[in-house]
Amino acid sequence: MTAPPTAQDSDASLIEGSLADPESFAALFDRYSAMLYRYVSRRLGPEAAEDVVGETFLVAFSKRHRYDLAQRDARPWLFGIATKLVARHHRTEATRYRALRRSPVDGPVEGPADRVAADVTASATRPALAEALSGLARRDRDVLLLVAWGDLAYEEVARALGIPVGTVRSRLNRARRKVRAALGDTDPTREEA
Amino acid sequence: MDDLDLIRDLGRGLEHPPPASLGRQRNRLLDATRRRRRGPGRWTLLGVVAAVTAAAILVPAVIFHGRDAAPVATRTTAPAGGTPLNVLFLGSDERNDGYPPRSDTMMLVHVPADRQRVHAVSIPRDSLVRIPACTDRGGKAYPARVGMINSVYPVGGVRCVIKTVESLTSVRIDRVVVIDFAGFRGMVDALGGVPITLPRSVADQKSGLKLSAGKHRLNGTQALAYVRARHGLGDGSDLSRIKRQQQFIESLARVARARMTGNPVQFAKFLTVMATSVETIPRMSLGELRALAGSFGKGGSIELDTVPVRPSRRDPNRLEWDPPKAERMFATFRTP
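Chains as they are written, first to last, in this note's numbering: chain F, 1 to 193; chain Z, 1001 to 1336.
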């Protein structure tokens, strides 16, 4: 969603600077709040997302003394905090997926034939996907969505959740297996997967 | 499309673009970064009895030391240890320009019977409040009205201020301490200045304050400009100024305590200046003051707050108290 910092200061040096100059921590907000908002809005919808993003940075600010400055990229850290906060809204998230499961699916958009075909596939599978997501164990869903929606690498997910990379892999596999099973009846492309 | 692609696609459909209101969350973060940490560590660092108690105890103690040469009524034990005490501080604006003095700084301080947790609550001067009918010292009567709280002192004097604050808070006020600007300036100078740290440089034309970012030791004139300034510091509101005043008092108390033990000559000078620039009502005898000061012993902490307020419905440029929250804040003032 957002490229990791390159030319600018690394997140680590920014966080280090904020130890002496607290207000400079706002630069981290400017860098990543939009990215986090997009991610959380997918899981919880716009209202809760705004609050969770705000909370995430408040928590991050209060824990900045404990940030591992060897980690230049702070995204996994922020995603980890946001994930914990999302868990507090598990009812909102469940309601969101349930609504999706019931609501009529949007028609395909205009566009090149293959794109339309993909949209048709996607739209057709939505209710089943939503059903599958709401049926996943929370820890499996966290891993799956950090990978699919947060664009984090396995190592980054491991850092975000404070678990070994092997655990990330096994949780992801389990989650994907369940999703594929749920898609079984509706997904014509299943065999290719 | 594999299952991950399908999930990604679902996610794109669920996503919302960041709204402009996300800026509120940024402000929330900034507020948090500006808030000073209030852990117990910080207050124990302040040590024994800090800012307000220094004022509450030392100030009157000195006055009487200076004015009442002979200690009278030494056997009185009225406000000594074991008795809770509520003190109202008024920072008065003696401008010598023909206008009556206003009370721009108001702070209600509760000293509990055990002397352990002193609680000081600042009252925003922009508070729009119900002012009860009252009679000043000269016998002139003023009808009840709704007005700004800092408008009470110039017309009705200390008597009417006491009556107003008592009716607003249901807290009985035992003592009023009035400090004027000149006295404040003199107190800071007598201490040899008070250190503050500025997050960014300040140039406030209105108060004549011009300082770079970083650490400074303010002299009396600068300190007065610093605690009075509304422009160029914080968000320009009375509330941010109150916060600044509280921080300054804290720093001043720290210096005063350091002088008391480390530089008795300078401290004596500080006390003399205080004696001439502060007025307590009703006056306390030296014996009472000694007993009061002694009752603090070595322990204790202080907590600084501000009356919970919200923008007034009558006038958005004024503040009105949040009654349930204010009620809760002052509840401790009514118990020993």
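Some hints here could point you the wrong way.
Label-pair restraints from in silico Cβ distances [claimed, not checked]:
{"hint": "1", "chain 1": "F", "residue 1": "H65", "chain 2": "Z", "residue 2": "S1240", "range": "23 to 33 Å"}
{"hint": "2", "chain 1": "Z", "residue 1": "R1028", "chain 2": "F", "residue 2": "G184", "range": "54 to 64 Å"}
{"hint": "3", "chain 1": "Z", "residue 1": "K1206", "chain 2": "F", "residue 2": "A87", "range": "47 to 57 Å"}
{"hint": "4", "chain 1": "Z", "residue 1": "R1117", "chain 2": "F", "residue 2": "A153", "range": "34 to 44 Å"}
{"hint": "5", "chain 1": "F", "residue 1": "R139", "chain 2": "Z", "residue 2": "S1201", "range": "42 to 52 Å"}
{"hint": "6", "chain 1": "Z", "residue 1": "R1012", "chain 2": "F", "residue 2": "Y154", "range": "20 to 30 Å"}
{"hint": "7", "chain 1": "Z", "residue 1": "K1210", "chain 2": "F", "residue 2": "H65", "range": "57 to 67 Å"}
{"hint": "8", "chain 1": "F", "residue 1": "T92", "chain 2": "Z", "residue 2": "S1151", "range": "23 to 33 Å"}
{"hint": "9", "chain 1": "Z", "residue 1": "R1117", "chain 2": "F", "residue 2": "A34", "range": "20 to 30 Å"}
{"hint": "10", "chain 1": "F", "residue 1": "R98", "chain 2": "Z", "residue 2": "A1144", "range": "55 to 65 Å"}
{"hint": "11", "chain 1": "Z", "residue 1": "R1012", "chain 2": "F", "residue 2": "S10", "range": "25 to 35 Å"}
{"hint": "12", "chain 1": "F", "residue 1": "S62", "chain 2": "Z", "residue 2": "P1308", "range": "48 to 58 Å"}
{"hint": "13", "chain 1": "F", "residue 1": "A87", "chain 2": "Z", "residue 2": "S1237", "range": "28 to 38 Å"}
Lysine to any residue pairs mimicking SDA-like chemistry, simulated, CA-CA at most 25 Å apart [to be verified]:
{"hint": "14", "chain 1": "Z", "residue 1": "K1215", "chain 2": "F", "residue 2": "F61"}
{"hint": "15", "chain 1": "Z", "residue 1": "K1215", "chain 2": "F", "residue 2": "K84"}
{"hint": "16", "chain 1": "F", "residue 1": "K63", "chain 2": "Z", "residue 2": "R1024"}
{"hint": "17", "chain 1": "Z", "residue 1": "K1243", "chain 2": "Z", "residue 2": "A1258"}
{"hint": "18", "chain 1": "Z", "residue 1": "K1243", "chain 2": "F", "residue 2": "A26"}
{"hint": "19", "chain 1": "Z", "residue 1": "K1215", "chain 2": "F", "residue 2": "S24"}
{"hint": "20", "chain 1": "Z", "residue 1": "K1140", "chain 2": "F", "residue 2": "K63"}
{"hint": "21", "chain 1": "Z", "residue 1": "K1243", "chain 2": "F", "residue 2": "K84"}
{"hint": "22", "chain 1": "Z", "residue 1": "K1215", "chain 2": "Z", "residue 2": "G1262"}
{"hint": "23", "chain 1": "F", "residue 1": "K84", "chain 2": "Z", "residue 2": "R1008"}
Some chain F residues close to chain Z (C-beta under 8 Å, calculated; not the full set) [said to hold, decoys possible]:
{"hint": "24", "residue": "F29"}
{"hint": "25", "residue": "S33"}
{"hint": "26", "residue": "A34"}
{"hint": "27", "residue": "R42"}
{"hint": "28", "residue": "A48"}
{"hint": "29", "residue": "A49"}
{"hint": "30", "residue": "E50"}
{"hint": "31", "residue": "F61"}
{"hint": "32", "residue": "H65"}
{"hint": "33", "residue": "Y67"}
{"hint": "34", "residue": "L69"}
{"hint": "35", "residue": "N173"}
Quick caveat, the hints were computed from the structure, so don't treat them as lab data.
Source: prediction; values computed, not measured.
For every residue, glycine included, the Cβ atom is placed at its ideal position computed from N, Cα and C.
Verification of the hints:
1. F:H65 to Z:S1240: 23 to 33 Å: This hint holds: roughly 26 Å between Cβ atoms.
2. Z:R1028 to F:G184: 54 to 64 Å: Violated, since R1028 (chain Z) and G184 (chain F) (Cβ atoms, about 45 Å apart) do not stay within the stated range.
3. Z:K1206 to F:A87: 47 to 57 Å: Roughly 50 Å apart at Cβ, these two residues keep to the hinted range, so it holds.
4. Z:R1117 to F:A153: 34 to 44 Å: Violated - the Cβ-Cβ distance for R1117 (chain Z) and A153 (chain F), about 51 Å, lies outside 34 to 44 Å.
5. F:R139 to Z:S1201: 42 to 52 Å: Taking Cβ atoms as reference, R139 (chain F) and S1201 (chain Z) lie about 50 Å apart, which means the hint holds.
6. Z:R1012 to F:Y154: 20 to 30 Å: 22 Å, holds
7. Z:K1210 to F:H65: 57 to 67 Å: Violated, at about 34 Å.
8. F:T92 to Z:S1151: 23 to 33 Å: Once the Cβ atoms are compared, 49 Å apart, the range 23 to 33 Å for S1151 (chain Z) and T92 (chain F) is violated.
9. Z:R1117 to F:A34: 20 to 30 Å: 44 Å, violated
10. F:R98 to Z:A1144: 55 to 65 Å: 58 Å, holds
11. Z:R1012 to F:S10: 25 to 35 Å: For S10 (chain F) against R1012 (chain Z), whose Cβ atoms are near 29 Å apart, the range 25 to 35 Å holds.
12. F:S62 to Z:P1308: 48 to 58 Å: Taking Cβ atoms as reference, S62 (chain F) and P1308 (chain Z) lie about 23 Å apart, which means the hint is violated.
13. F:A87 to Z:S1237: 28 to 38 Å: 37 Å, holds
14. Z:K1215 to F:F61: Given pair K1215 (chain Z), F61 (chain F) holds - Cα atoms ~24 Å apart, limit 25 Å.
15. Z:K1215 to F:K84: 39 Å, violated
16. F:K63 to Z:R1024: 21 Å, holds
17. Z:K1243 to Z:A1258: 23 Å, holds
18. Z:K1243 to F:A26: 21 Å, holds
19. Z:K1215 to F:S24: Answer holds: K1215 (chain Z) to S24 (chain F) is near 18 Å, not above 25 Å.
20. Z:K1140 to F:K63: Violated, at about 59 Å.
21. Z:K1243 to F:K84: Violated. K1243 (chain Z) to K84 (chain F) sits at ~33 Å, over the 25 Å cutoff.
22. Z:K1215 to Z:G1262: 22 Å, holds
23. F:K84 to Z:R1008: The hint holds at about 21 Å.
24. F29: 5 Å, holds
25. S33: Hint holds; S33 (chain F) Cβ to chain Z Cβ min 6 Å, cut 8 Å.
26. A34: 4 Å, holds
27. R42: Holds. Min distance 4 Å.
28. A48: At 11 Å from the nearest chain Z Cβ, A48 (chain F) fails the 8 Å test, so the hint is violated.
29. A49: 7 Å, holds
30. E50: 6 Å, holds
31. F61: 6 Å, holds
32. H65: It is violated, given that the least Cβ distance between H65 (chain F) and chain Z is near 11 Å, above 8 Å.
33. Y67: 15 Å, violated
34. L69: Since chain Z brings no Cβ nearer than about 19 Å to L69 (chain F), farther than 8 Å, the hint is violated.
35. N173: 11 Å, violated
When each numbered hint is compared with the structure, violations occur for hints 2, 4, 7, 8, 9, 12, 15, 20, 21, 28, 32, 33, 34 and 35.
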